[in-house]
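Trainee: Work out the full structure: start from the sequences and follow the hints.
Protein chains: 2
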Amino acid sequence: MKNLVLGIDVGGTKVKLGIVDAKGCVLVRSSLSTKLYNRNKNDLIQAIFAHVRALLKDSQITLSQISGIGIGLPGAIDPFKGLVISLPNIPKWENVPLQRIFEKEFGKPVCIDNDAKMITLGEWKFGAGKGQDNLVCMTLGTGVGGGLILNGKLYRGAGFVAGEIGHMPINEKGHSCNCGGYGCFEGHVGNAQLLKKIARIFGDKNLSIPDVHALALKADKRALRFFEEVAIHIGNGLVAVVNLLNPPLIIIGGGVSSNYRFLFPTIHRVIQERAMKVQAKMVKIVHAKLGHDAGIFGARVLLAEGLGKHA
Amino acid sequence: MKNLVLGIDVGGTKVKLGIVDAKGCVLVRSSLSTKLYNRNKNDLIQAIFAHVRALLKDSQITLSQISGIGIGLPGAIDPFKGLVISLPNIPKWENVPLQRIFEKEFGKPVCIDNDAKMITLGEWKFGAGKGQDNLVCMTLGTGVGGGLILNGKLYRGAGFVAGEIGHMPINEKGHSCNCGGYGCFEGHVGNAQLLKKIARIFGDKNLSIPDVHALALKADKRALRFFEEVAIHIGNGLVAVVNLLNPPLIIIGGGVSSNYRFLFPTIHRVIQERAMKVQAKMVKIVHAKLGHDAGIFGARVLLAEGLGKHA
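Protein sequence lines correspond, in order, to chains A and B.
The working numbering puts the first residue of the first sequence at 602, with every later residue one more than the last.
The working numbering puts the first residue of the second sequence at 602, with every later residue one more than the last.
These are computed hints drawn from the structure, not numbers from a lab.
Among the hints, erroneous ones may be present.
When the alpha-carbon atoms are kept at most 27 Å apart in a straight line, the in silico BS3-like pairs for lysine-lysine are as follows [said to hold, decoys possible]: (1) B:Lys754 with A:Lys731; (2) B:Lys754 with A:Lys774; (3) B:Lys878 with A:Lys754; (4) B:Lys878 with A:Lys882.
A few chain A residues that don't get close to chain B, going by computed Cβ distances all over 12 Å [what the hints assert, rightly or not]: (5) Gly613; (6) Tyr638; (7) Lys642; (8) Phe707; (9) Asp734; (10) Glu765; (11) Lys774; (12) Gly775; (13) Ala793; (14) Leu796; (15) Ser809; (16) Leu825; (17) Tyr861; (18) Gln880; (19) Leu891.
Over 10 Å on every C-beta distance to chain B, these chain A residues come out as not near it, computed from the model [as the list claims (entries may be wrong)]: (20) Cys626; (21) Ser632; (22) His652; (23) Phe681; (24) Gly708; (25) Tyr756; (26) Gly760; (27) His834; (28) Val840; (29) Glu874; (30) His888.
Where is the CB? At the ideal position from N, CA and C, for every residue including glycine.
Mentor: In structure tokens:
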């Protein structure tokens, strides 16, 4: 088998690796803990190198079968220069020419980009967004990330940081946010906020979101109410996106989205009630299809874009 | 002179006509009152026909010198089918094949689109947005309209109604809006709201925005405070656009923007304080350059796009 792509999804807690074939199957996967190598960026890079070689060896895939490597990272990336500008949640990563470093090691074309953009690319070509020219992808997790496919292309923005749905303010006043602003969407529906809300409603600091999901399945009123309130915030945030971009499709992924059964009907209702008629009528809200693999799939799409100068 | 374009900007109160040459000069202009022909759409169309012929005659330009006609209208337009879907402020305009009607009359290629999108196209190629691949254009007036140039192209959205900046909610709660939603940006900075605000602050229902501008020039504290409060709302609304789209440029036009001297410094400050650092650092906020002619210029750009099937 030839024309395989190696995808690497660098997260704040875990680095996921996988090899995708041309048909869009992930053949093999592995992962390592980011936190173990947090003190030194070179340690993390060397650890990823070792994991790539081990993955190839274990799966009996040779480097000659790999046509390129795509890497997603949680922060500001310049995909044209192949430069990691900064990673807010992984210390000491600033202005790292990661594309060049990987090309030197493996002698293959390498592309890098922001992780939410990689997920968006993956869902667009292999997941819930197949065949669309325009879509919005949103990830609900610790943070609220996003990516935009507009006019048949990933839209990156002037500084490659477009898509920050989580930092659209949803109120003129509100709590301050990590981003330096306040009243942000993420401040209402990010994981930390949801856990605080759960602790307040149930009076139990140890209750997790899956615990509340389990309660909702048993029709617990407080749990159902919790999800409804969260969904109203999500709907309110998305109305701005729907009216501004008139997308035919919004894909919602990320850990929190696995509660979609209790979230999506209300999100849909809020958008129908509050967004402009034409926009509301045509937008579909769907759950992401690729789960944890989305970024790995995105690597394949990113490489096909052929950004940057390759070795 | 050849290769002239006739631009027609249909507004709720006035229809403006102009002829633009290839260098981007408006050679001649005329206008008519929309309201005089409000009762019947065919009356308005016939009146525009007559004004086009009079404009050509008066300026000694022959139809053979005109390479095409571009028409902007205040509502939902399908530029590919050349169809006026609906015009909220001009009664009885629904599903009007305006492109075909004009092509039949003049035997020239005709393109039609939404007026805010025409202004955006005009400012992009001939005004404040020259040379940019990405920009946001916002018009402040009776309504708050908008247009998006993304990835080097006008972004229309799935139903051709993208760009509704005025109907992005800026609060989760708020007054109901004409659009069917509530808490919209337009509800804070549209003309009607500004006049109400002026009446409240000054206790005078007859005071206009230009009157308050004149007071602000004399350093009247209430007038300065009025513009500051309006600018804070505009800034808050734009933070969402800046974080989502990471544009290098936001062009602000429309009647209210002529108070830019008292609005722009505060808009700029709010964006710097509240938007994400990379986005805030790179975005420039500028005043539109083409004034009332922007839509006429836009006709030239729209025709160059070559949408729809022409006669």
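Trainee: What are the numbers of the hints that this structure violates, sorted from low to high?
Mentor: 2, 4, 9, 10, 11, 12, 18, 25, 26, 27, 28 and 29
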